[in-house]
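Here is what each chain is made of, one letter per residue.
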Amino acid sequence: MSQKWWQQQLPKLVLSPSFALVLFFVYGFILYTGYLSFTDSRMFPSNELVGFANYEKLFALRHWKIAITNLGIFGGLYIGICLVLGLMLAIFLDQKIRGEGVLRPIYLYPMALSFIVTGTAWKWFLDPGIGVEQIVQSWGYTDFEFRWIKDRTMAIYCIVIAGVWQTSGFVMAMFLAGLRGIDGEIMKAARVDGASSVQLYRRIIIPMLRPIFLSAFVVLAHMAIKSYDLVIALTNGGPGRATELPATFMYSYTFTRNQMGVGATSAMVMLMTIAAIIVPYLYSELKGSKKS
Amino acid sequence: MKIRALALALGVAASGAVSAAGEVEVLHWWTSGGEAAALNVLKDDLSSKGVSWADMPVAGGGGESAMTVLRARVTSNNAPTAAQMLGYDILDWGKQGAAADLNAVAAKEGWDAVVPAALQNFAKHDGKWISAPVNVHSTNWVWANKAIFDELGLSAPINFDELVATLEAIKKAGYTPLAHGGQAWQEATIFDSVVLATGGVGFYRKALVDLDADALGSDTMKTVFDRMAILRSYVDDNFSGRDWNLASAMVIEKKAGMQIMGDWAKGEFLNAGQKPGDDFMCFRFPGTSGAVTFNSDQFMMFKVGSDRRDAQNQLASSIMAPSFQSAFNVVKGSVPARTDVSDADFDACGKKGMRDLASANANNTLLGSLAHGHAAPASVKNAMYDVITAHFNGEYSSADAVSELVAAVDAAK
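Protein sequences appear in the order of chains S and D.
To get this note's numbering, take the position in the first sequence, counting from 1, and add 39.
To get this note's numbering, take the position in the second sequence, counting from 1, and add 27.
Among the hints, erroneous ones may be present.
[As the list claims (entries may be wrong)] Lysine to aspartate or glutamate pairs mimicking DMTMM-like chemistry, simulated, CA-CA at most 25 Å apart:
no., chain 1, residue 1, chain 2, residue 2
1, S, 96, D, 239
2, D, 440, S, 87
3, D, 440, S, 79
4, D, 198, S, 87
5, S, 96, D, 422
6, D, 282, S, 182
7, S, 162, D, 280
[Claimed, not checked] Derived Cβ-Cβ restraints for the label pairs, each shown as a range:
no., chain 1, residue 1, chain 2, residue 2, range
8, S, 56, D, 128, 38 to 46 Å
9, S, 83, D, 128, 15 to 23 Å
10, D, 421, S, 84, 16 to 24 Å
11, D, 103, S, 315, 45 to 53 Å
12, D, 270, S, 222, 51 to 59 Å
13, D, 270, S, 216, 39 to 47 Å
14, D, 421, S, 99, 19 to 27 Å
15, D, 103, S, 180, 53 to 61 Å
16, S, 84, D, 272, 34 to 42 Å
17, S, 315, D, 154, 50 to 58 Å
18, D, 239, S, 99, 44 to 52 Å
19, S, 99, D, 272, 36 to 44 Å
20, S, 163, D, 178, 31 to 39 Å
Quick caveat, the hints were computed from the structure, so don't treat them as lab data.
Glycine is no exception: its CB is placed at the ideal position from the N, C-alpha and C atoms.
Turn these sequences into a full structure, and let the hints steer you where they fit.
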């Protein structure tokens with residue numbers, strides 16, 4: 040065996056254990072979940088195949104429709120508001136203001152908390168009995184009412200609020216990095232040509248941040264789809280079942296309701312949704328890197 | 028020589044664990060103060076018999092996380108000696124063939140004669156005892172603040188109309204009439220009682236146990252939902268998501284008139300230094316006296332190797348001993364799972380609970396609680412939860428709730 044052979048094989052050898060583990064524990068179990076979604080598994084996995092019965096059952100469930108609708112509301116608002124807010128904060132912070140070093144971490148730190156902590160803190164905050172409503176009323180505005188979290192039509196927006204609070208700082212950091220990466224010469228050139236600040240941002244800088252928008256969108260979209268802990272801590276799916284999301288649905292059907300088949304089916308639907316977002320993104324990224 | 032010395036040393040070191048009957052490993056979720064204290068009674072009893080106790084607590088109220096852990100352990104062929112379990116879960120495990128056979132102990136100690144028949148349905152599979160019931164909780168109780176009742180000259184209502192009148196009087200006096208926490212299982216706990224009060228024992232069995240579509244879709248069921256809506260109107264606005272013990276605290280602190288909750292609520296009153304009869308009242312949900320909706324904590328025994336079987340049998344025997352049943356249930360707030368235990372150590376509510384259980388057993392009016400997984404399997408139970416809680420939160424009219432209930436049960440069966 041020559042030394043050259045070793046040098047060629049060594050990286051593969053070193054990588055193979057982790058490759059094998061990922062292959063088994065991630066992709067293996069994805070396949071297994073896919074298999075379970077076609078069986079009549081209840082408390083335990085079963086091998087009795089039932090075709091697409093679980094998929095038909097799933098989409099007939101009112102509970103699942105609520106979860107999907109909630110995901111639409113939550114995902115849309117969460118991603119949209121985080122992007123807008125993050126971009127605004129980043130642009131403001133980019134004005135070479137004093138104290139940026141203090142302000143930046145203040146916006147960024149919520150990201151360091153887990154969603155459980157965020158959810159619990161906001162639960163107390165939004166609770167009419169001890170939170171905002173109680174405080175404002177104690178200031179003398181006794182007519183003040185803010186009880187969204189107890190209202191089944193508004194509770195989902197409470198989750199949006201808490202989610203946005205947690206993540207917009209992170210999106211800001213992404214945009215800030217993007218802004219710092221823009222060549223100062225371009226801005227100077229635009230100024231010389233007489234562009235106003237608004238024009239400068241609208242026509243030049245924001246279009247140049249396009250790749251950042253894409254990355255931020257992908258990060259936010261998958262966080263929205265898999266968000267579980269935030270809902271559990273903030274509302275636990277309530278009032279009633281008004282704030283269930285697909286992730287909480289999947290857990291409860293698989294592990295507490297003894298309907299593992301339906302749970303696996305919902306997991307597969309979630310996977311396909313995420314794949315629909317991630318795969319085109321990866322594809323365009325890989326294609327882009329080949330070009331350069 | 029050297030080897031013998033080593034063996035001796037090892038023997039001494041291990042003697043605590045293996046001397047007499049060995050070790051039991053028990054998975055449970057009794058981790059909160061009162062519950063842990065109650066469990067210590069069992070641990071002490073076993074250690075006096077030379078059986079050591081390997082604790083495997085998995086925190087989390089209804090035992091959902093505990094069940095997830097258990098499933099992983101059993102599927103990897105590493106079952107604990109016993110696990111705390113409720114209702115249909117026990118039977119599901121029995122069907123999987125994972126359960127031990129306790130018939131030898133049961134026959135020797137005569138369990139068949141002393142354990143209520145309705146309870147045996149959940150402790151036996153295929154004619155074999157697989158589980159040792161620790162207690163019986165009953166869920167059709169109302170816990171009321173005595174001071175408020177005295178102040179307003181009220182007494183325990185005996186039918187639904189009187190209950191509404193009582194709630195109305197409490198409301199007029201400026202208290203929250205009904206302390207309630209907006210969680211699906213709590214709403215279902217009230218639902219249990221309302222179904223029983225509205226339709227009677229036969230209807231309860233037909234609708235919630237047999238899952239008869241006609242009964243589920245009947246006018247009686249519509250009345251049940253109408254009554255749930257009436258009760259909803261006596262709950263304060265800030266109820267959603269509140270834990271049951273905080274609702275009990277509202278009654279204890281004289282902010283609310285009463286709470287509809289299982290007998291574990293009594294522990295909260297006792298912990299607050301209140302006395303049954305003097306500070307708080309316990310009575311059956313109006314219209315349900317004579318019948319008992321129950322749930323029972325049991326220790327289900329798993330198939331173990333022959334080296335661990337003696338300890339397992341000892342555990343089962345200790346759990347069923349009248350002295351333990353009495354000591355444990357005095358602390359836990361429930362009543363013993365056998366009907367021949369002396370009620371001397373129990374308080375007034377406990378004594379009433381034991382009398383009610385015995386007579387319900389004799390009259391065949393002992394019913395599994397839907398809310399606590401003793402009437403229908405988990406999938407059906409949760410499907411009903413969805414409808415009950417959605418209706419309670421105002422999403423459905425009563426008529427819609429009835430048709431949704433029929434559809435949900437049908438889909439989950």
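For each hint, the structure was consulted:
1. Under the criterion of a C-alpha separation no larger than 25 Å, the hint pairing residue 96 of chain S with residue 239 of chain D is consistent with the structure, at around 21 Å.
2. For the given pair, residue 440 of chain D sits about 17 Å from residue 87 of chain S by alpha-carbon distance, which is consistent with the 25 Å threshold.
3. Between residue 440 of chain D and residue 79 of chain S the alpha-carbon distance is near 12 Å, which keeps this suggested pair within the 25 Å criterion.
4. Only pairs whose Cα atoms come within 25 Å are accepted, and residue 198 of chain D paired with residue 87 of chain S is rejected, the gap being roughly 56 Å.
5. A C-alpha spacing of about 22 Å is found between residue 96 of chain S and residue 422 of chain D, which places the hinted pair at or below 25 Å, so the restraint holds.
6. For a cut-off of 25 Å, the pair hint linking residue 282 of chain D to residue 182 of chain S stands: about 22 Å separates their Cα positions.
7. At roughly 24 Å between alpha-carbon atoms, residue 162 of chain S and residue 280 of chain D fall within 25 Å of each other, so this suggested pair holds.
8. Under the hint 38 to 46 Å, the C-beta atoms of residue 56 of chain S and residue 128 of chain D, about 44 Å apart, fit the expected range.
9. For residue 83 of chain S and residue 128 of chain D, the Cβ-Cβ distance of about 21 Å falls inside the hinted range of 15 to 23 Å, so the restraint holds.
10. One distance hint, 16 to 24 Å for the beta-carbon pair residue 421 of chain D and residue 84 of chain S, is violated here, with the actual separation near 39 Å.
11. Hint check: residue 103 of chain D to residue 315 of chain S, Cβ distance near 35 Å, so the stated range 45 to 53 Å is violated.
12. With their beta carbons about 57 Å apart, residue 270 of chain D and residue 222 of chain S fall inside the hinted range of 51 to 59 Å.
13. A hinted range of 39 to 47 Å for the beta carbons of residue 270 of chain D and residue 216 of chain S is consistent with their spacing of about 44 Å.
14. At about 24 Å, the CB distance of residue 421 of chain D to residue 99 of chain S agrees with the hint of 19 to 27 Å.
15. Residue 103 of chain D and residue 180 of chain S have their C-beta atoms about 59 Å apart, which keeps the hinted 53 to 61 Å range intact.
16. For the pair residue 84 of chain S and residue 272 of chain D, the supplied restraint of 34 to 42 Å holds, since their beta-carbon distance comes to about 37 Å.
17. Between residue 315 of chain S and residue 154 of chain D the Cβ separation comes to about 53 Å, which falls inside the hinted range of 50 to 58 Å.
18. The supplied range of 44 to 52 Å is broken by residue 239 of chain D and residue 99 of chain S, whose beta-carbon atoms lie about 22 Å from each other.
19. The given range of 36 to 44 Å is respected by residue 99 of chain S and residue 272 of chain D, whose C-beta atoms sit roughly 37 Å from each other.
20. Restraint check, residue 163 of chain S to residue 178 of chain D: a C-beta distance of roughly 33 Å satisfies the suggested window 31 to 39 Å.
Hint compliance for this structure: hints 4, 10, 11, 18 are broken, all remaining hints hold.
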